[in-house]
Every structure is written in structure tokens, then in C-alpha cells.
Amino acid sequence: MARPDFRRQLDVLADRTLAVHLGSPGTVLLLAAQAPAIGACIGLAWRDAAPTAAAHFVMAVAAVWMGCMNACTAIVQERAVFDRERMFDLDIRAYLLAKAAVLGTLGALQAALLLAAAGALMHLPQGAVPKVLEFLALTFTAAAASALGLLISAFAKSPQGAVVIVPILLIPQVVFSKLLLQEAVDRPVPKAIHRLTLTKWCYEALENAPNDIKWLDQLAAWAALGAWAAAFLAAAALKLRLDDT
1 MARPDFRRQL DVLADRTLAV HLGSPGTVLL LAAQAPAIGA CIGLAWRDAA
51 PTAAAHFVMA VAAVWMGCMN ACTAIVQERA VFDRERMFDL DIRAYLLAKA
101 AVLGTLGALQ AALLLAAAGA LMHLPQGAVP KVLEFLALTF TAAAASALGL
151 LISAFAKSPQ GAVVIVPILL IPQVVFSKLL LQEAVDRPVP KAIHRLTLTK
201 WCYEALENAP NDIKWLDQLA AWAALGAWAA AFLAAAALKL RLDDT
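Residue numbers (the numbering used here): 1 to 245.
These are calculated hints, taken from the structure and not from any lab test. Among the clues, some could well be false.
Heads up, simulated DSS-like pairs for lysine-lysine below, C-alpha to C-alpha not over 30 Å straight-line [claimed, not checked]:
{"id": "1", "residue 1": "K239", "residue 2": "K191"}
{"id": "2", "residue 1": "K157", "residue 2": "K239"}
{"id": "3", "residue 1": "K131", "residue 2": "K214"}
{"id": "4", "residue 1": "K191", "residue 2": "K214"}
DEER-style ranges, computed between Cβ atoms [unchecked claim]:
{"id": "5", "residue 1": "R7", "residue 2": "P167", "range": "32 to 40 Å"}
{"id": "6", "residue 1": "A32", "residue 2": "L196", "range": "41 to 49 Å"}
{"id": "7", "residue 1": "K157", "residue 2": "E183", "range": "38 to 46 Å"}
{"id": "8", "residue 1": "R195", "residue 2": "A53", "range": "28 to 36 Å"}
{"id": "9", "residue 1": "S158", "residue 2": "D217", "range": "37 to 45 Å"}
{"id": "10", "residue 1": "P188", "residue 2": "P167", "range": "35 to 43 Å"}
{"id": "11", "residue 1": "F6", "residue 2": "A54", "range": "26 to 34 Å"}
No experiment lies behind these values; they were computed from the predicted model shown. The beta-carbon is built from N, C-alpha and C at its ideal position, and this holds for glycine as well.
With the hints as constraints, model all of the structure from the sequences given.
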């Protein structure tokens, strides 16, 4: 039997992934509710004020958290189905990209809800361009974090184990930040780890959005997040392929 072409598999798998999510409305609502809840907390903390560096950092951490949590059980909870379909030439690339596309859409929805909830209570930047840039920073970060979540899921032995790993990996995203370490972040080891975090790029994009916009900095942040997403997906694909042997 000939393998269905890549595009056909991608379309079918994306439709199935979306159907699985929509088939569990309670889970979808719970995932979607995270964003306005976090946004409301941020808005209350900086009520009637413009977002500070700390507020932007919390938004960045929230985007990483939501993206990872959305994806961390996506593979491991259906591993038996995946292994069975691999015997019928399931394309790993199509499988991962289909999940990434649906999770990326969910991340974009969460980014919009977070900003809407926060903006109802605090003074987010005025004007369409700053608002779009903040939305894109959170969306791209959530997408990269979703790719990290898929990598976690590829290695995890159980859904519970995957969920436990997420906060462990989130700790360096918080600890090795310029906001917390300040001058100490320039030491060799903290600086190296800081540059590897998703929060760094999201935070810098958010900080740049409401001010005199530096487009090269925005593009650098988007490129870094895109590169991390590609690297995480490639690593997940490699792990799944090695599991075939």
C-alpha cells in the first residue's frame, strides 16, 4: 500500500487533532480559561497603570507556561495509537506539524484572551501596532513553548510524568532572567543560560513594543523563537524515529 502524500497526511492529522480537542469541551474551556485568569491577575497587580518590566516578564512566563501545558501530554497520551499508525507509514513530520498547527492556534487564542483581560484592568499600549506586536510576541512564544511541550511529550513515559516535567523546565526560564539577576546575568554561566530561554526573547519583544519600536530587535526575537520551535520539533521527530528501532 502506498503511503499517502505528506500534505494529505498533514490535513487529515490536523483535522483529527482539532476534532480530539473539540471532542473534550471541558478540557478546551479549561485551557482557554487559563489565559483570561492569568491576564486578570496581571491586570489587578498593575491596575490602572502602564505595564512595567515586571508585568511584561510575567506575561512572558505565562506564555511559556500555557504553551508547554497545552502540548506536554499530546503525544504520550496517544502513544499506542501513534505506534500502531507508524506500522502503516504515518509520517512523523506531518504528525508533529499537525499538532503544532492546532496548538499554535490555541496559543494565539490564549494570547488574545490574556491581553484582553489584562487590558480591561490596566493601561496597555495604545495604537494598533504596539497591540499587534504584543500579541505576536505572546503567540510566537506560546508556539515555541508548545514545540517544547511536544518534545517533553515525546520523551515522557506517562501523561503524569510529562506534567511534572513542565514546572521543572520552567524554573530556569524564571531564575535565569535579566529582570531577577540584573547585573549578575552577565556572568558567563547565567548569561549562556539566559540566552537559551524563551522568556528572554518574549520579554525583550514586549519591552520594545510600546516604546520607540526597534524593528530589528522585534525580528530577532521572532527569529529566535522560530528557531527554538524548529529545534524542539526536530528533536521530537528524532526521538520518535529512534523509538522505531
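We went through each hint and held it up to the structure:
1. With a C-alpha separation of about 29 Å, the suggested pair K239 and K191 falls inside the 30 Å cut-off, and the hint holds.
2. Of the pairs offered as hints, the one joining K157 and K239 holds, with about 13 Å between alpha carbons and a cut-off of 30 Å not exceeded.
3. Annotation: proposed proximity of K131 to K214 holds, straight-line Cα distance about 15 Å (limit 30 Å).
4. The suggested pairing of K191 with K214 holds, with an alpha-carbon distance near 22 Å, which does not exceed 30 Å.
5. Taking 32 to 40 Å as the suggested C-beta distance range, the pair R7 and P167 conforms, at roughly 37 Å.
6. Between A32 and L196 the CB atoms are about 29 Å apart, so this pair departs from the stated range of 41 to 49 Å.
7. The beta-carbon spacing between K157 and E183, approximately 41 Å, falls within the hinted interval of 38 to 46 Å.
8. Against the hinted window of 28 to 36 Å, the Cβ-Cβ separation of R195 and A53 comes to about 18 Å, which falls outside the hint.
9. For the pair S158 and D217, the beta carbons lie near 41 Å from each other, so the given range of 37 to 45 Å is met.
10. As the Cβ distance of P188 to P167 is approximately 26 Å, the hint placing it in 35 to 43 Å is violated.
11. Distance hint for F6 and A54: a CB-CB separation of about 44 Å, inconsistent with the stated range 26 to 34 Å.
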